[in-house]
Amino acid sequence: MSEINSENNVKPEGDFKSGSNLEKVLRAGHFAFTGECGPPKGANVHHLVEKFHHLKGNVDAVNITDNQTAVVRMSSLAASHLMIDHGLEPNFQMVCRDRNRLAITSDILGAYALGIRNMLCLSGDHQSFGNHPEAKNVHDIDSMQLINLVTTMRDKEEFLNGEKIDVAPKLFVGAACNPFADPFEYRVYRLANKIAAGADFIQTQCIYNMDKFRTFMKQVVDMGLHEKCYILAGVTPMKSARMASFMGKMVPGMDVPESLINRLKGAEKGKQAEEGIKFALEQIEEFKEMKGVAGVHLMAIEWEQMVPEIAERAGMLPRPVV
Amino acid sequence: MIVADRKSLEEILSMIKDYKNIMVLGCKGCVTVCNVGGEKEVSILASALRIARQKEGREINIDTKVIERQCDNEYVAQLKETVGNYEAVVSMACGVGPQFLSEAYREQKFYPAVNTTFFGGAVTHGIWEERCAGCGTCIIHDFDGLCPVARCAKSLLHGPCGGSSKGKCEISKETICIWDSIVSKKMEQGRLNDLLKVRAVKDWRTARDGGPRRSIREELTQ
Ligand code: SF4
Ligand code: SF4
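Chains as they are written, first to last, in our numbering: chain A, 1 to 322; chain B, 323 to 544.
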């Protein structure tokens, strides 16, 4: 266990927002590469640490999901702290579904005190998707207001109520963006709103419909949003044609083109996963060149063991040391 | 209006299982309009209960009555002479009714026959939908009269979330995404700019979160 010491209170150097590795990588102009890790459905630290091994050194920061899809798991705050202990940089996810402004604020302070330097602000999937559909949800504030709350804590060193904070949390603040939800024409404006609220970086929903994403990024660039915020393109390799059609049908706001499903189906027996990875690698190649895209967010959901290979084949290694 | 659904016969039967002499009391307010607790529904429930108890071989006497409004002490007072003649009273009003009754008649027992669901209206014959959550500080002028507090599954003030798909909410294909409607309307009217700002967090003190609420109209209290 690392010692929790007052060094975690040290202000970021220079004009960095938080001085996190992710921020430094992006600021230095490198093409960023972030990963994702879901905490265990239990207190199984061993299981969590195993996932860390696949990610360590292969990505710049790792999102720690917060009761993702409303399925209850070890808290993202605790898992983020364990991650720091193991020498990786977490991107602490926080949803507005499960906490009111008091809990949100105190968890932000706690996160900073524990050495966390990146945070991703989300509304959260509705609890009806999860394993406690009977739960009462909170939604005291929404993700837009959460971005504003945490950046106000950082920049003005004030709580939401205007009171001064005794050592303000300096976090690099991210938000999500789903270009594939409806109405499509509004998505770029909602992104602009998140940037206006204070988002430093954006991680998009998993991209499969490349045509639509190209159109979206053109709008982003036309509005100059990529100059105000780092945009990381979301990639989740498909393990099979079945997974692809399931996601397309069952996950709201997920756009999986028929052509991709057919491509996976057309792969040789036992080779669908490899085909899925190939598609992901082609995407990454294109994102490297795509105007306005500052990096890739790789969500290898319950497939962390593939991250080293994907990182290698995508030419993402070694990760820059800034 | 306040919308309600009737509880199942089984549940009502189990509430009154110990009684042989009850009153089923309807209300001419909202529950009459939403066809759940008016004249007709009162008599249907009373017969259903009688038949069920007959089948069990435990007959029950049920009298029925419908008053103007159970949420009004003036009408509740009309029960003064009769309410004591029964072992219990089953109210078919919204959740407000049994409480006004219970407060007025301490010695009597009152049971709800309906589940009170929401403030809304009938969108078509036989289908009611929620429109307002009674948050106490109405903000729908900012959204062209559409309410995200009550109608967005996450009460987002900056929607639509990433789960909005083809005009429907992520929670089900039967639920419209109100944020899709808000945005579409603003776009059609060329007033999208209205939405391009970060709204202050909502003050929930006027909603249920501030504790039970009270409305005082000074001029009427004299
Ligand atoms: S803003 Fe509040 S008062 Fe107005 S319609 Fe919505 S829930 Fe009702
Ligand atoms: S899909 Fe629409 S209505 Fe449903 S939670 Fe998201 S924004 Fe709200």
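To be clear, the hints were calculated from the coordinates, so they are not data collected in a lab. No experiment lies behind these values; they were computed from the predicted model shown. In this text, a Cβ means the ideal position worked out from N, Cα and C, and glycines have one as well. One or more of the hints may lead you astray.
As the list claims (entries may be wrong) - Part of the chain A face toward chain B, derived, beta carbon under 8 Å:
1. S123
2. N131
3. H139
4. E157
5. L160
6. G162
7. A192
8. N193
9. N209
Now for the hints, and whether the structure bears them out:
1. S123: 5 Å, holds
2. N131: 16 Å, violated
3. H139: With a minimum Cβ separation of about 5 Å from chain B (threshold 8 Å), the hint on H139/A holds.
4. E157: At 18 Å from the nearest chain B Cβ, E157/A fails the 8 Å test, so the hint is violated.
5. L160: 7 Å, holds
6. G162: Since chain B brings no Cβ nearer than about 12 Å to G162/A, farther than 8 Å, the hint is violated.
7. A192: 7 Å, holds
8. N193: With Cβ-Cβ at 6 Å, under 8 Å, it holds.
9. N209: Check failed: Cβ of N209/A comes no nearer than 13 Å to chain B, outside 8 Å.
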